[in-house]
Amino acid sequence: MTSQKSVPRGPGKTATALARGRWSAHVLEDRVHRTLYTDPAVFHEELVKVYGGQSWVYLAHESQLPEPNSYLSVNMGQRPLILTRDRNGELHGIFNRCSHRGATLCRDESGTARSFQCPYHGWTFRNTGELVGAPWPEGYGPDFDRSKFGLRRVNRIASYRGFIFGTLNDDAVSLGEWLGPARGWLDYWIDRAPGGEVFVRSAAFRMGFRGNWKLAYDNAGDGYHPAFSHRSLLDMASRMGDAKDMSYFGKTPDDGPMKSYALGHGHSVIDQRPAHDGPGSFWSNQRPQPGREKFEELIRSQHPADADTLLDLCVGSQINLSIFPNLLIIGNQIQVIEPLAVDRTQLTWHATTIGGVPPEVNTIRIRTQEDFPAFGEPDDQANFEEVQRGLAVVEDEWILMNRGLGTGWQEMTEDGVVKTTVTDELHMRRYYEEWVRLMAGEAT
Amino acid sequence: MSIPDQYADTSTWSYHIDEEYYAALDRTRALFEEDWPEPDATLLHEATAFLSREARLIDQGRFNAWLELFSDDCLYWVPVTAGGGDPRVEVSHAFDDRRRLTDRVYWLRTGLAYSQIPASRTRRLVGNVEALELDPETRLIRSNFVVHEFRAGVTKVYAGWYAHTLVKTEHAWQIKVKRANLLDSEQYHENLTLVF
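Sequence lines, in order, name chains A and B. Here the first sequence stands for residues 27 to 470, where the numbers follow this note's numbering. Here the second sequence stands for residues 5 to 200, where the numbers follow this note's numbering.
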């Protein structure tokens, strides 16, 4: 005999505490357990709870939906999703999953559409998700209520200055609150463009690696690795004599002017700007792009007053901003982490162009954005893959994130932001706190 | 266009990539979309021989010798957008002028590029060769390729087509533009550090 019990609708307090206890054994102050990178069960739970659950997840940039009735196919974790603008320009997130038998409705990456018709049985939905009609409706009897069979929607969609996020949590804090102090860093990045206009128009680099998605997040806030992981790039850059971009990571980065900040909710930033001095310094430190010399001459002769500013806009922002769990702002690129399997990840690099500048500026900016993906990122990803291989040593259970502990490097600043040196692994320790919260189903 | 003497060495300077350069690239690219008359046997033979030699140098890892096949104002281009898109506002996997191509070869040979440790082993088939003589100093060659790569325990296959623009110099034919159009250039790829 089984007793009838009422099943709690959400994770109750006891369930949450149990889950926290379980994950707390895997995330210690100074280390995390290897299974967080290798266990498919953990990965599937992350898809539900970190790329869903209580979390806000980055989806796309508004410039990818340029006009009324634009749509874009993206993924929230692995859930296929259609982001749309309705005829009034309002944003909607509707799951790309027919409410009838589950087929995807939209099989194109982007375009414009007022409605989507399922290719399987012809059910048709507005770009806001409502069911318009099913073929031969008399087969459903007189009680068939179309309003009950719309597409499932992302509970909340919100945009911060063009960056669109979604959450499945009706009770989530506002996007602004969740971004917290990260907003100021996003503002800096956006406001580098005159008028704050940033565009994602170019096709993206869709880079893949055979490793867990968190390896990309671990690395994005890591100021320890460049002098080693990027030796090939640093060596190449010195081919013509003087040192170039990122070489300052090699000169005892802990004593240098660069700083790293833990921003709350797992977000963090590395600020490389203090390694530069004044207008024109970003430009002069950048490895040379095709067309550089003619372009610089043109800009200096045609825009003498703001030449250095225009030249700096062709080069990356000199901040690495990580928004947990899946948005990385590096240089001028918007990178999105897309988890494909416990040991396979797509890192989508969206190059950006900006408004309010001569067209040549965007062309050199694009040439700059081809440099690191060719000569830097592949070496990072090779190391991510080798971490994944190394983690097959089952008996060696832990991954360390203890650099900076006991050093006194950390300094509490306003808004609860912690400032530290760039090689501190504080960014990992902090995002794992958020990770445990999300995996335990606790409110953010 | 005249290049100031100080910028004459294009492995170190890049003064020549300007709007006119991009416009010329667009014009040549349009020619590659057209039907061409059947080439005479000599032209076809020379085109095929050139491509075979170039393919072999890459597959043997003789990148310095490969680099010498390129002209001073060359472009090694692997677009992301099918066909190339508008390179003024779109990124490419490679958009290498002489300087960046020299960098690429240097980078491959540093022995520090972990994405190439171990190095890719490649072997490629080049076929369906067509050639067009634009003028006595300029030839266009269109071909299909299949590149097999083995690296770090994984075998991959890349398919696509090449668009070569060759120019005649004092001593030999050189590559002015090599565009490698991958069938799935805008899709998921792991470690695209091999040479196409």
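Because the hints were derived from the structure by calculation, they are not lab data. Note that the structure is predicted; figures quoted are calculated from it, not measured. A virtual CB, placed ideally from N, CA and C, is assigned to each residue, including glycine. Treat the hints with caution; some may be incorrect.
Label-pair restraints from in silico Cβ distances [unchecked claim]:
(1) A:150 - B:56: 51 to 61 angstroms
(2) B:6 - A:145: 32 to 42 angstroms
(3) A:385 - B:121: 32 to 42 angstroms
(4) A:135 - B:31: 28 to 38 angstroms
(5) B:72 - A:415: 29 to 39 angstroms
Beyond 10 angstroms from chain B on every Cβ pair, some chain A residues (computed) [to be verified]:
(6) 55
(7) 64
(8) 169
(9) 233
(10) 234
(11) 258
(12) 320
(13) 385
(14) 445
(15) 462
Could you tell me which of the hints above the structure violates, numbers in ascending order?
Hints 2, 9, 10, 11, 12, 13 contradicted; others consistent.
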